[in-house]
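Place chain B on chain A using the hints.
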Amino acid sequence: MAIVVVEVMPKKELLDPAGQAVLGALKRMTFPECKAVRVGKRFELHVEGQVSDELLSQAEEAARGLLANETIEDVVSVRVEADLA
Amino acid sequence: MRIGVVVFPGSLDDGDAVRAIGLAGGTAVKIWHESRDIEDIDALVLPGGFSFGDYLRCGAIAARSPIMSEVVHQAKKGLPVLGICNGFQILLESGLLPGGLIRNRDGRFICRDQKLKVENTSNVWTSKFSESQEITIPLKSGEGGFIAGTESLKKIEGEGLVTLRYSRSNPNGSSLDIAGISDRSGRIMGLMPHPEHAVELGFGPDVDEAMKSGQDGLTMFRSAVEMLAHA
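Protein chains in written order, with numbering that gives the first Met the number 0: chain A, 0 to 84; chain B, 0 to 230.
Chain A with its partners taken away, still in its complex shape (with noise of 0.2 Å):
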């Protein structure tokens, strides 16, 4: 078993509300030296077996056509990570 890690992040330029409220709640509490905080998703997609380069552009289609919205959202990473559960 191996799992596609996709991992989406709110576009730089944009307003990240959910951050700022989070960075809000750290300055009150242990880590006062936060200066910003972004908040963004991370997916894993389990498969059998190998993944194979075709298996990784088809998460990487997926990542953008549906697990991202590109508009307001970037793909930064699509990855394989071996299951070591």
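The hints are simulated quantities; they were obtained by calculation from the structure and are not laboratory data.
Note that the structure is a prediction, hence the values are computed from the model and not measured.
Ideal placement from N, C-alpha and C gives every residue a C-beta, glycine not left out.
Be careful, since some hints might not be right.
[Said to hold, decoys possible] Chain B regions said to be covered by chain A (calculated; three or more residues, Cβ under 8 Å): (1) 100-106; (2) 141-154.
[As the list claims (entries may be wrong)] SDA-like cross-link-like pairs, simulated, lysine to any residue; straight-line CA separation at most 20 Å: (3) A:Lys10 to B:Gly148; (4) A:Lys40 to B:Gly106; (5) B:Lys153 to A:Glu12; (6) A:Lys40 to A:Glu53.
Positioned in the frame of chain A, the structure of chain B alone reads:
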């Protein structure tokens, strides 16, 4: 005049949309999202709510549901479509309208009677308003911040696609105060405020004349019903 209202799992305002269409003189038909049959309708409403629990992104999963490929197909052939709130998010996710919607600037869910300015009346859904008319329509959304790339925004503004703008104040950080846009044909329109909640005395938004008496939303549904009757 048959106007379809698509019902997704998690749709919330489909009943209000049905009622609004009836009050405007049309016949409303509810259509379940797994159906592909939208042949016998004259227009379509994608209602507000939280389709598929807003999982992934608001409207993202609904935009890929069976009925939407047929909606996109028919809309491109000229079927008038109105997307309200979550329906607007679905129209953007399905690529029928340009841009995107992100969380409100202040991070809060907003529920209020919102003043809007009508910017474009050469549109199926706004034809009975007058240019620059100020109207009051309830706004209730957490992710209503309209955004688009610089070039796309220029195009939206330059081609007169802005149909409604927030008036007096911008509640959610939307670019160019945009509350609603249409496509170039003027048949497909999406907006964040809820016209279906402003259709009946006693149940509408507060306006200067009297409390709970705003009916500006009804004008939007009447616009479509009358325009389609004359088509």
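Proposed proximity, glycine 106 (chain B) with lysine 40 (chain A) (alpha carbon, max 20 Å):
18 Å, holds
Hint check: lysine 153 (chain B) vs glutamate 12 (chain A), CA-CA at most 20 Å. Holds or violated?
Distance of about 17 Å is within 20 Å: holds.
Could you grab the alpha-carbon distance between lysine 40 (chain A) and glutamate 53 (chain A) and see if it respects the 20 Å cut-off?
24 Å, violated
Against chain A, does the region 100-106 of chain B show at least 3 residues with beta-carbon separation below 8 Å?
holds (count 7)
Could you grab the alpha-carbon distance between lysine 10 (chain A) and glycine 148 (chain B) and see if it respects the 20 Å cut-off?
Holds, because 11 Å separates the two Cα atoms, which is no more than 20 Å.
Apply the coverage criterion to the region 141-154 of chain B and chain A: a residue qualifies when its Cβ sits closer than 8 Å to a Cβ of the chain, and three qualifying residues are needed.
holds (count 4)
When the structure is compared with the earlier hints, a violation turns up for hint 6 alone.
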